[in-house]
Amino acid sequence: MEPIIELHNVSYKYPNGPKALDNVSFTINHGEKIALVGPNGAGKSTLLLMFNGMLKPDSGEILFNGKKLTYDREALREIRRRVGFVFQNPDTQTIAPTVYQDVAFGPVNLGMSRDEVRTVVFDALNDTGLAGFERRPIHQLSGGEKKRAAMAGILAMNPDVLVFDEPTSALDPAGSEDIMELLDEMQVNGKTIIISTHDVELAYPWADRVLLIKGGTVLLAGKPGDVFYNKDLVRSCKLSMPVLLELYEGLSEKGMPQIEKLPKSALDFITYLCENCGLQRKEEKTCGDIYLADVEHTSPEIVQNLLASGSIAAVGAMGTKAKTFAGNGNICPEFTYGVIDKCVLKAINKKNTLILTSGGMFARVHTRVEAFNQEYDQHIRVIENF
Amino acid sequence: MYYEFLENVAQNNHLRDIHSVIKLVFGLGCILIAISSQSIIVPLLIIAITMFATLVLAKINLKFYLMLLTVPLGFAVISVLVIIFLRNSGTTLLSIPVFDWFNIVVSTGSLNEGLLIFSRVFAGMCSLFFVALTTPVTELFTTAAKCRIPHEFIDLAMLIYRFIFTLIEQAAQIHASQVMRLGYGSAKEGINSYGMMAGSLFINTWIAGENLMMAMDCRCYDGKFALNADDLRFSPALMAGVIALLAGLIVIAVYTRGFILFGA
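Residue numbers (my numbering), protein chains in the order written: chain W, 1 to 386; chain P, 1 to 264.
Hints may contain errors.
Restraint-style ranges between C-beta atoms, simulated for each label pair [as the list claims (entries may be wrong)]: (1) W:H366 to P:N211: 33 to 39 Å; (2) P:H14 to W:G215: 54 to 60 Å; (3) W:Y14 to P:D222: 23 to 29 Å.
Stretches of chain W that chain P covers, calculated by requiring three or more beta carbons in the stretch to come under 8 Å of a beta carbon on chain P [said to hold, decoys possible]: (4) 114-123; (5) 147-161.
No wet-lab data here; the hints were simulated from the structure. Since this is a predicted model, take the numbers as computed values, not measurements. All C-beta atoms, glycine included, are put in the ideal place defined by N, C-alpha and C.
The whole structure should be built from the sequences, with the hints applied where relevant.
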């Protein structure tokens, strides 16, 4: 993996303040999903503002794509185009009166032509599920919609890295799930995603790597399981262990056989329990099927027909396009987040499910199900033609 | 906290997709014709037309509309009463003695004049509300840019527009939190709380300004503000219709300029 952002011994001190960052070094690779986790005032936001040159380190250096960051006007413009920053409070970020104008803000300043601006804005609004909101004034949007508008404004500039400060703060659970899935979608489309959060439940299943930050230093960087299973460290950072790990720990103490890999999702855990703790007889290997529909190449009628046949127990919609498709076709998806896992879970319970998705997410269903089949010796089929 | 802003109503009206230039020409034309009209006929026609356009075509809520109208019309009624009772010309219709040396007199002339002024005000208000309720400010920015208004003014107006609502929301929140903690119990406390609110709003505004700079920097601000994609279709036929209507009103105004209700 190629590094995209490297920090070498970065320190920073706010004027008249304590040291906000103290000798921080780490590397972020292309296409990674990174979560910066730490208590309030740990220096997460300060660190994030380093990535696009909003703050200049007092000492140490930052490399972007192997090149040292400089702080002259042109270089700053370039880095800010490449590294998109989404503020915690969307009211800070949204500047213009209407959604269209706000999303077009970046592209216009990058000097794109009218037609180009139009195209990128409509694409960004489509990707964030805000199609049809162009003329709406920002102040009439709900919290979640504002957040999406802020994201669209950054996406329209087509950055390589997206930095989110607390992407799900002040959102309802459904709203945060939507946003997290949007982040997944962006990552599938080749972006590197960095978020800061103190929501461990959110960071644990989502992140590829977690950086635990406290007092301006990186205490530990590694796979989410390794970081969060370190009980004392997690507690010293005023965080809590993800419920899944707590459950695992409790059951291990009760004598449950150890798993070589920590359970990353409810699905992992349930399959493990089924396999090893006698919840399901071993010889039962028949499972349900997963139907997979690409919403860009199918019509609501076909899906309706499939649903009418009565063999589908649940429908999952993955991605913004799929959700729009479901909304237009009057299909009410049961799952909108963690869709693959939930459908696999249904499948091992011998129920059939349908996943609506599109683009890069499509291939992911195959790889995830295949990986699952191999790991647990299951035979879940993914059916595309129906 | 929810406030019914004219702007919010305008954002959802059913004439939103009509090009704002057409609506502006119609509204402003009606105002000009109404206030320069010499008889009450044309203003009455304009009232009927604009009310129809606002209530039936734009589907503005009747109750809300009437509530809006009561404010200016209330003032108009009072002023017109003063004119009717104090001006004096033509034959006397009514005379109320107040003191030995002072009668309140209503005459045909004063009545005609009062009614004319009232009808003009009424028609003007109806036309103005038509514009206000069917043309959201967000559309006006594009129109203003087309009228070659310097973009510095438009950019500033857009920023102000965006932050008016943020400011109102914050003021409402601070006010609510003060009321909850009994900040307006007595007049003295009320003044104190109000001052505190103003103070914290000032500080918040300052911070918001700094944040705005940061947000604009983060998004590569280079002195440019985007305008709405100009995707409202300009219908020449509708524009011609509006102009024909206005011309018709002018013709009627000229022919009926001598009309009076009371006396000759």
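Against the structure shown, which of the earlier numbered hints fail to hold, in ascending order?
-> 1
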